[in-house]
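If you read the protein sequences in the order shown, they are chains A and B.
If you use this note's numbering, the first sequence closes out at 353, no skipped numbers anywhere.
If you use this note's numbering, the second sequence closes out at 1353, no skipped numbers anywhere.
No lab work stands behind these hints: they were computed from the structure.
Check before you lean on any hint, since a few could be wrong.
Claimed, not checked - Below 30 Å or equal to it, Euclidean Cα-Cα: the simulated BS3-like pairs (lysine-lysine) are: (1) Lys205/A <-> Lys1273/B; (2) Lys316/A <-> Lys1277/B; (3) Lys219/A <-> Lys1259/B; (4) Lys1033/B <-> Lys176/A; (5) Lys176/A <-> Lys1316/B; (6) Lys1316/B <-> Lys316/A; (7) Lys219/A <-> Lys1300/B; (8) Lys273/A <-> Lys259/A; (9) Lys277/A <-> Lys1205/B; (10) Lys17/A <-> Lys1176/B; (11) Lys273/A <-> Lys1300/B; (12) Lys219/A <-> Lys1316/B; (13) Lys1219/B <-> Lys277/A; (14) Lys1205/B <-> Lys176/A; (15) Lys33/A <-> Lys17/A.
Protein chains: 2
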Amino acid sequence: MRIILVGFGVVGQNLVKLLLSRADDIYARYGMKPRIVATLDSRGAVICPSGLNLHRLLEVKRLYGTVAAYDRYEGQGEYTDSKQTMEVSNNRIEEIVRSVDAEVLVEATPTNLNDGEPGLSNVITAIKHGKNIITVNKGPLALAMPSLLELAEYNGVILRFSGTVGGGTPILEFAKHCLKGDRILSFKGILNGTTNYILSMMEEKGLTFDEALNDARIKGYAEADPSLDIDGLDAAAKLAIMANWIMDLKVTIRDVRCKGIRDVNLNDILEAKRHGKVIKLIASCDESRSLSVEPMLIDKGEPLCVNGTLNAVTFKSEYSGELTIIGKGAGGMETASAILRDLIEVREAMSIV
Amino acid sequence: MRIILVGFGVVGQNLVKLLLSRADDIYARYGMKPRIVATLDSRGAVICPSGLNLHRLLEVKRLYGTVAAYDRYEGQGEYTDSKQTMEVSNNRIEEIVRSVDAEVLVEATPTNLNDGEPGLSNVITAIKHGKNIITVNKGPLALAMPSLLELAEYNGVILRFSGTVGGGTPILEFAKHCLKGDRILSFKGILNGTTNYILSMMEEKGLTFDEALNDARIKGYAEADPSLDIDGLDAAAKLAIMANWIMDLKVTIRDVRCKGIRDVNLNDILEAKRHGKVIKLIASCDESRSLSVEPMLIDKGEPLCVNGTLNAVTFKSEYSGELTIIGKGAGGMETASAILRDLIEVREAMSIV
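Using the sequences and the hints, build the whole thing.
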């Protein structure tokens, strides 16, 4: 299986590490030999139709900061494959997608919830050229999931996105594959680890919002600009993806009523605590299909009530009652494992056709 | 899809209700028309090759206590199908399995962890006559799962058992289908709702073991003879099933080191509580594949730490970290929904062959 990997940040690099460490096992269990035939980062690209050397790719990125230096690297070992490196430009992706034979394009550029770029164009280009897509980038889906699913179906390609919700925690798979014959009536969840960490610290340690945010920054849980997290947009993007995939709704992030945690103050949290409750940023799809992200009071005893950076979702099903799944919601290796899961699914779907 | 339903207690009756209420949807979504062509309870059997009338079946059971009275019932509506009722005898199942055309036998007789009967014989008979099996009876699997899986494979039939662990909560499916490409290194869980209720009541309300057990009896969570639950055998049976299915071990309940909760006293629980911990009956398969059921101290903040009759399992995976799934562990309709899930899986597997 030949892969074009677009984006070589933390997730992309972890995917390469995962493929290196699991190669034998993936072949033995799934009959699959994934090869990366091209990869791009923000500064350049490298193409090798017979498959790039993955050790070298990691080493080059570490030493030079871009995969475009692949040629320059004088490491140990022989690299005699025909290959080509190039600087990146706006329509480079289209050129690569058109000219390089591959079964799957993995889109791992950073999420942009304003216009979805460059991910949105990458996804559309790949679909139009008949490539299956695995994206861990929430932007394109949050803004245009209904039309992207339709476009993929029309072009006969598979579009998968496990890693966009829950990191490595298989929330989307659970809802889609584990409840056959039952019906999910509604769901609610904690979909953003950063805000959950901040709220947990306020409750457990009595920190103010600003102190807790600062603590999250020091620990590496919050970005320099944490507004996507604390204004609820990251959770809203994930909620829109879940609503499309699990509930068959045709919605985008604009259909989510969204309120972040900036206005949650320590007094509210301590007052809630006295009544055995906690304030959590809850993304929910209720029985009338209304979508919202907002701070809500939750009973401390509920399975949904997880602390720290954990994510959790409770599904209300018609016959099996309430089912909750909890796991880490982020992490480079965790998200890479979601890509591997999708690769196996794409492979299985391809072999059925 | 023709079904022989063996056992017509709470689960069997709920399965019939579920098939009645979901018939149209099951056909629309899965192209499946389940028909019950024979059913047996402890007092008799009724056979109808074109499919029994499900409303009549429920009504007859309610009025006369046995499906064998199907002929006698003078309800509304016309029942002109050719059918046959009979008293039950020891080798009646063999006779029915041999003479009635069906794709699946659903085994829903009560669990017996001593010799597995009558479930064990029913399962073996069905496999030998080429019928696919869905069992919600833990007995046969707890005592002989490795050889039953082998026998099923040898005879080319499918053996499924979702409802044996977690009631309607898809614990087995989650571990088997949602973590492709990853590896489960170990797991631990609360697999018995009755003991979890008792321990929760002791901790929350300060009841003694006997008081809490009595409360569980009143609420209908504990049997008249609750020894299977409180001695840990029910949890051990489920653990053995999980170890076979998820970890590919060849084990039975006899390979589980098992200690129940009879010796847990209120002082231990209150002492643990002072240190932010709780005592739970934990079934675990550790990284060295050692299996045990025993009361253990758990941090109150762990996702695994659920109260009341809930079940919970935490899987430790190599790449996605710790994943927890929580849900109701029992219930007639919940377990029936697990049978429906299995029916859909059997149907899908049959159509691939």
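Do the hints match the structure? See the list:
1. Taking the CA atoms of Lys205/A and Lys1273/B, the gap is about 20 Å. The hint holds against a cut of 30 Å.
2. Pair hint Lys316/A plus Lys1277/B holds up; C-alpha atoms about 29 Å apart against a cutoff of 30 Å.
3. Our distance criterion of 30 Å between C-alpha atoms is broken by Lys219/A and Lys1259/B, whose separation comes to about 41 Å.
4. Of the supplied pair hints, the one linking Lys1033/B and Lys176/A holds, its CA atoms being roughly 22 Å apart against a limit of 30 Å.
5. Restraint check for Lys176/A and Lys1316/B: satisfied, since their Cα atoms lie roughly 22 Å apart, inside the 30 Å limit.
6. In summary, the hint linking Lys1316/B to Lys316/A is supported, as the alpha carbons are separated by about 25 Å, within the 30 Å threshold.
7. For the proposed pair Lys219/A and Lys1300/B, the alpha carbon gap of about 24 Å is at most 30 Å, so the pair holds.
8. Taking the CA atoms of Lys273/A and Lys259/A, the gap is about 21 Å. The hint holds against a cut of 30 Å.
9. Distance check on the hinted pair: Lys277/A and Lys1205/B sit about 19 Å apart at the alpha-carbon level, within 30 Å; holds.
10. The suggested pairing of Lys17/A with Lys1176/B holds, with an alpha-carbon distance near 24 Å, which does not exceed 30 Å.
11. Under the criterion of a C-alpha separation no larger than 30 Å, the hint pairing Lys273/A with Lys1300/B is consistent with the structure, at around 16 Å.
12. Among the hinted pairs, Lys219/A with Lys1316/B is consistent with the structure: their alpha-carbon atoms are about 23 Å apart, no more than 30 Å.
13. Of the supplied pair hints, the one linking Lys1219/B and Lys277/A holds, its CA atoms being roughly 26 Å apart against a limit of 30 Å.
14. For a cut-off of 30 Å, the pair hint linking Lys1205/B to Lys176/A is broken: about 39 Å separates their Cα positions.
15. Our distance criterion of 30 Å between C-alpha atoms is met by Lys33/A and Lys17/A, whose separation comes to about 15 Å.
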